[in-house]
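There are 2 protein chains.
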Amino acid sequence: MPNPSLLRQSPELVSLGGAIRALRLAAGMSQEELAHLAEVDRSYLGRVERGDNNVAIMTLCRVAQALGVSGAQLLELAHL
Amino acid sequence: MPNPSLLRQSPELVSLGGAIRALRLAAGMSQEELAHLAEVDRSYLGRVERGDNNVAIMTLCRVAQALGVSGAQLLELAHL
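Protein chains in written order, with my numbering: chain A, 22 to 101; chain B, 22 to 101.
I should point out that these hints are in silico values taken from the structure, not numbers from a laboratory.
Covered, in the sense of this in silico footprint (three residues per stretch, anywhere, with C-beta under 8 Å from a C-beta of chain A), are these stretches of chain B:
1) 30–44
2) 70–80
3) 84–94
Glycine included, each C-beta is placed from N, C-alpha and C at the ideal position.
Here chain A stands alone, though its shape is the one from the complex (with noise of 0.2 Å):
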């Protein structure tokens, strides 16, 4: 029986939320300082970075603005 959240996970949420991991990753940063940065909840960010949270774009916006890119450049990362 395959893991019922990969039936729901879209492979768009997924590659955005392997663009923010890899990024995250690169920074050196873990996720609570992410988190902490883009004033978002540790583990809504753990759903995210899993590709299993449909992020709207004020959140979209801080992330990236915590990574240190622009909005655009990481859905260009996502190849979104």
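Please arrange chain B on chain A, whose structure you already have, making use of the hints.
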């Protein structure tokens, strides 16, 4: 007394809505046509264009695709 919705509006969402509207008009599309292509409600699209809605990424990508651009290009146009 300023328009209450203007008090709530964020510059980012107003900029994004403006970019969507500009692309839609440049493509000669009505809100009905774009809403149909992007599979969103026409009145919802109207709120997004006015900057009154914190659009989720999956919807943003559908609207961008319907306008013939990527999500990244749309955010670039909106300076986000």
